[in-house]
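Student: This note's numbering applies: residue 168 is where the sequence shown begins, and numbers increase by one.
Keep in mind that the hints were calculated from the coordinates and are not lab data. Keep in mind the model is a prediction, meaning the values are calculated, not measured. Even for Gly, the Cβ is constructed at its ideal location relative to N, Cα and C. Treat the hints with caution; some may be incorrect.
Per label pair, the in silico range of CB-to-CB distance [as the list claims (entries may be wrong)]:
1) Leu259 <-> Gln365: 42 to 52 Å
2) Val299 <-> Pro236: 26 to 36 Å
3) Ile332 <-> Tyr367: 44 to 54 Å
4) Tyr372 <-> Ser298: 50 to 60 Å
5) Phe288 <-> Asn233: 48 to 58 Å
6) Met265 <-> Phe328: 41 to 51 Å
7) Ile366 <-> Ile231: 28 to 38 Å
8) Lys266 <-> Asp296: 45 to 55 Å
9) Tyr306 <-> Phe222: 16 to 26 Å
10) Lys200 <-> Leu295: 15 to 25 Å
11) Ile199 <-> Asp260: 19 to 29 Å
12) Ile285 <-> Ser329: 25 to 35 Å
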Amino acid sequence: MYEFSELGWIKHVVFHPVEGFEDLRWKKKGSIKYAFIIVGLLFIAMVASERLRGFQYTKGNQEIFNVVPLIVQSVVYFATWVIGNWSICTLLDGEGTMKRVCINSAYALVPYIVGTYIGVFLSNFMTLDESVWVNTVEYIGLGWSVVLMVQGMKAVHQYSFSKTILSIVLTLVAMLIILFLAVLLISLFQQVYAFFYQIYTEITYRIRG
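With the sequences and hints as input, model every part of the structure.
Tutor: This is how it looks when you write it as structure tokens:
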């Protein structure tokens, strides 16, 4: 077992995932504050990927920028993953709390975030013919984050490898259900708001008339 600073623990789990996540669990280390910071950096990475890539790598109309989809793809998806995984693994006798799932999941995203930043930086100096290097860096970051996520969920819930994969698949299904219900709920609130606004408008019109 080792003693690290909060940033040291992040580095430990990134470069030594098997040992790192187990140490993180048994020593009850990891910071929810740093987890939120990492999610914030994920959002910024997505904004940078959308707006700061080299001219040859840009897609679509750059004059139109909508931040909402990026918030959904980062913060909302992450929150849905944490809630979905905790809910599913509670049913599957997982040992992880929502806080521990959040910390492990956030720490697992670090390589993907770093890979995205490096990819954005390289895109400003490399031509499309050299895009293989940009893609390689980003794919390595994504692949390493997937490995970390699997190991992080395995350690936090104390599952076997096969049960971890099953829980991840069920978590993805739970995420789809949660997002579907959220969209349905938002649509319902919009309809209720529109209904009462029409009533208010009609009453106001009659009073003034």
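Student: Now look at each hint and say whether the structure bears it out.
Tutor: Taking the hints in turn, this is what the structure says about them:
no.	hint	verdict
1	Leu259 <-> Gln365: 42 to 52 Å	holds (47 Å)
2	Val299 <-> Pro236: 26 to 36 Å	holds (27 Å)
3	Ile332 <-> Tyr367: 44 to 54 Å	holds (52 Å)
4	Tyr372 <-> Ser298: 50 to 60 Å	holds (59 Å)
5	Phe288 <-> Asn233: 48 to 58 Å	violated (24 Å)
6	Met265 <-> Phe328: 41 to 51 Å	violated (23 Å)
7	Ile366 <-> Ile231: 28 to 38 Å	holds (35 Å)
8	Lys266 <-> Asp296: 45 to 55 Å	holds (47 Å)
9	Tyr306 <-> Phe222: 16 to 26 Å	holds (22 Å)
10	Lys200 <-> Leu295: 15 to 25 Å	violated (40 Å)
11	Ile199 <-> Asp260: 19 to 29 Å	holds (24 Å)
12	Ile285 <-> Ser329: 25 to 35 Å	holds (34 Å)
When each numbered hint is compared with the structure, violations occur for hints 5, 6, 10.
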